[in-house]
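If you read the sequence shown in my numbering, its first letter stands for residue 30, the second for the next number, and so on.
If you are wondering where the hints come from, they were derived from the structure by calculation, not from laboratory data. Treat the hints loosely; a few may be bogus.
Have a look at the derived ranges for each label pair, beta carbon to beta carbon [to be verified]:
#1 Asp236 - Pro504: 24 to 34 Å
#2 Ala368 - Glu487: 31 to 41 Å
#3 Glu487 - Gln442: 19 to 29 Å
#4 Arg180 - Arg255: 30 to 40 Å
#5 Leu247 - Leu194: 28 to 38 Å
#6 Asp266 - Glu129: 18 to 28 Å
#7 Arg412 - Ala212: 45 to 55 Å
Simulated crosslink set (DSS-like; lysine-lysine; CA at most 25 Å straight-line) [stated by the list, open to error]:
#8 Lys498 - Lys430
#9 Lys498 - Lys468
#10 Lys195 - Lys177
#11 Lys228 - Lys195
Glycine included, C-beta positions come from ideal geometry on N, C-alpha and C.
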Amino acid sequence: MKSRITILVVAGIAAVGATGWLAFRASQTAAIVGPAVPEIPDLASVPSVLQDLVAAADARARSFWSARRGVFELSRLYHANGRLAEAVQCYEVLQQIEPEEARWPHLQATILAGFGQADEAAALWERVITLAPDYLPARLRLGDIQLKSNRPAEAAANYQEALRLKPEEPYALLGLARLDLEAERWEDARRRLEIVVAKTRYTLGYDLIVTLYERLGLNDRAAAIRATAKASGAYRDPADPWLDELIAECYDSYRIATIAGIEVREGRTAEGIELLRRAIEISPNDVSARFQLGTLAFKEGDIATAREQLLRCTTLAPGFSDGWAWLSDLQARQGEMQASERTLAEGLRNCPQSPGLHLMRARRSRDAGRTGEAIVSFQTSARLRPNEPDAYLELGTMLLKLGRDAEALRLFQRALDAEPGNPQAIGILSFAAISAGDKAEADRWMQQVRNQPRVQREQVGALSAAYQKQFGRLPD
Numbered sequence: 030m031k032s033r034i035t036i037l038v039v040a041g042i043a044a045v046g047a048t049g050w051l052a053f054r055a056s057q058t059a060a061i062v063g064p065a066v067p068e069i070p071d072l073a074s075v076p077s078v079l080q081d082l083v084a085a086a087d088a089r090a091r092s093f094w095s096a097r098r099g100v101f102e103l104s105r106l107y108h109a110n111g112r113l114a115e116a117v118q119c120y121e122v123l124q125q126i127e128p129e130e131a132r133w134p135h136l137q138a139t140i141l142a143g144f145g146q147a148d149e150a151a152a153l154w155e156r157v158i159t160l161a162p163d164y165l166p167a168r169l170r171l172g173d174i175q176l177k178s179n180r181p182a183e184a185a186a187n188y189q190e191a192l193r194l195k196p197e198e199p200y201a202l203l204g205l206a207r208l209d210l211e212a213e214r215w216e217d218a219r220r221r222l223e224i225v226v227a228k229t230r231y232t233l234g235y236d237l238i239v240t241l242y243e244r245l246g247l248n249d250r251a252a253a254i255r256a257t258a259k260a261s262g263a264y265r266d267p268a269d270p271w272l273d274e275l276i277a278e279c280y281d282s283y284r285i286a287t288i289a290g291i292e293v294r295e296g297r298t299a300e301g302i303e304l305l306r307r308a309i310e311i312s313p314n315d316v317s318a319r320f321q322l323g324t325l326a327f328k329e330g331d332i333a334t335a336r337e338q339l340l341r342c343t344t345l346a347p348g349f350s351d352g353w354a355w356l357s358d359l360q361a362r363q364g365e366m367q368a369s370e371r372t373l374a375e376g377l378r379n380c381p382q383s384p385g386l387h388l389m390r391a392r393r394s395r396d397a398g399r400t401g402e403a404i405v406s407f408q409t410s411a412r413l414r415p416n417e418p419d420a421y422l423e424l425g426t427m428l429l430k431l432g433r434d435a436e437a438l439r440l441f442q443r444a445l446d447a448e449p450g451n452p453q454a455i456g457i458l459s460f461a462a463i464s465a466g467d468k469a470e471a472d473r474w475m476q477q478v479r480n481q482p483r484v485q486r487e488q489v490g491a492l493s494a495a496y497q498k499q500f501g502r503l504p505d
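Take the sequences, apply the hints, and build the full model.
Below, the structure written as structure tokens:
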């Protein structure tokens, strides 16, 4: 009995000791967190669910036992929803509580870098790679900061370490190629950039490799890339799991839909679809997210979802012409021609100034043999959108078949004015000059044919044969 009592007493003392230790740790955390928790900003414009989540997290952050959990939740909610100053405050608190956790300085550094505070961000990333030397995104981001800050040796060391962690990592190779270009190491830059563009399908390194090929006198290669590849339009940061996971806490449908678009472009279609569904759940009247989901579902063959979302677009935003156009196209492809025609007519009633809808009507009238209606609709589309070539080209082709050559050639010239270098317009105008026996004009057009890499090789061959037959030899 005595030994049992002794055991119970000892266990009780241990339990009290553990409770006391937990209370001591909680008091330490609360002492750090309490005074440093940011005041809740004005959230009147955000969804009520986000307001409630922030309020609950803020209350936990100011509570004795849940301070750490509360400030952690606040950091995610603020960062994910664009309240970056408040997120920075939370990360500073978390670093005091958990100084060995690399995630907090990394996330804070991403914000500071966006603010243009390069030195502060670099110092944080140096700390991150000390704490987590194998976290690749920190290496890449630190290398980029050092490159921009004219610290080439340090940048190169981080890019090389990134390549050790992940051989042929495109962002690391891109950084090293930039250093090569600055140092005029042309062949080293070329070797690296060729790997980058091959691995990323020209979403990275497009402009640099075209410029480098031109610098090396490889103009044919540069022209071929310009003809077959397309600049991505914006530099995208490398994947960053610690940062990317914050999207789960985002309640901004526009931001979610933007991330969804990136997911789809990078081949993660299922993830993109789920994000779009979440954006719509948060903002049911967000036409942009619904249209994005509808068109993506259409391309993926999910006709039920595509129909639902596109129809909803026309209801929510009758003045949004693309919703009508895609819904009409979907119905036509499903063999629902009467419904498709009704949708197109309804779209034009709501969007009478839509060049795209007039172009769609023109094509359908042409295909149905309603030539007069087609001509009027093509002309209307061209008048409403004079800086694009499609209506000019299609109407010109139609008029050629009707024997109205002079009108057609004027339209092809207008297509070329709208889009200099348009290969279809160049080809037709070249053939017209050859057929007319106008050698000077034919020479001028054939020079454009040779200088435009988008003109197909077969078309070049046919034009060259026609020229040779008409004038006896190829132009110089």
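Hint check for Pro504 and Asp236 - Cβ pair distance inside 24 to 34 Å: 33 Å, holds
Glu487 and Gln442, beta-carbon distance inside 19 to 29 Å? Taking Cβ atoms as reference, Glu487 and Gln442 lie about 24 Å apart, which means the hint holds.
Please work out if Lys498 and Lys430 have their alpha carbons no farther apart than 25 Å. Holds - the C-alpha atoms of Lys430 and Lys498 are around 24 Å apart, at most 25 Å.
Quick one: are Ala368 and Glu487 within 31 to 41 Å, going by C-beta? 39 Å, holds
With respect to the beta-carbon atoms only, verify the hint that Leu247 and Leu194 lie 28 to 38 Å apart. 32 Å, holds
Holds or violated: Lys195 with Lys177, Cα cutoff 25 Å? Satisfied, since the Cα-Cα distance of roughly 23 Å is no more than 25 Å.
Please test the hint of 18 to 28 Å on the beta carbon pair from Asp266 and Glu129. At roughly 26 Å between Cβ atoms, Glu129 and Asp266 fall inside 18 to 28 Å, so the hint holds.
Regarding the pair Lys498 and Lys468, is the alpha-carbon distance no greater than 25 Å? 12 Å, holds
Please verify whether Lys228 and Lys195 have alpha carbons no more than 25 Å apart. Holds - the C-alpha atoms of Lys195 and Lys228 are around 13 Å apart, at most 25 Å.
Is it true that the C-beta distance of Arg180 to Arg255 lies inside 30 to 40 Å, as the hint says? Hint holds: Cβ distance 33 Å, inside 30 to 40 Å.
Does the beta carbon distance between Arg412 and Ala212 stay inside 45 to 55 Å, or does it fall outside? 54 Å, holds
In the structure shown, no violation is registered for any of the earlier numbered hints.
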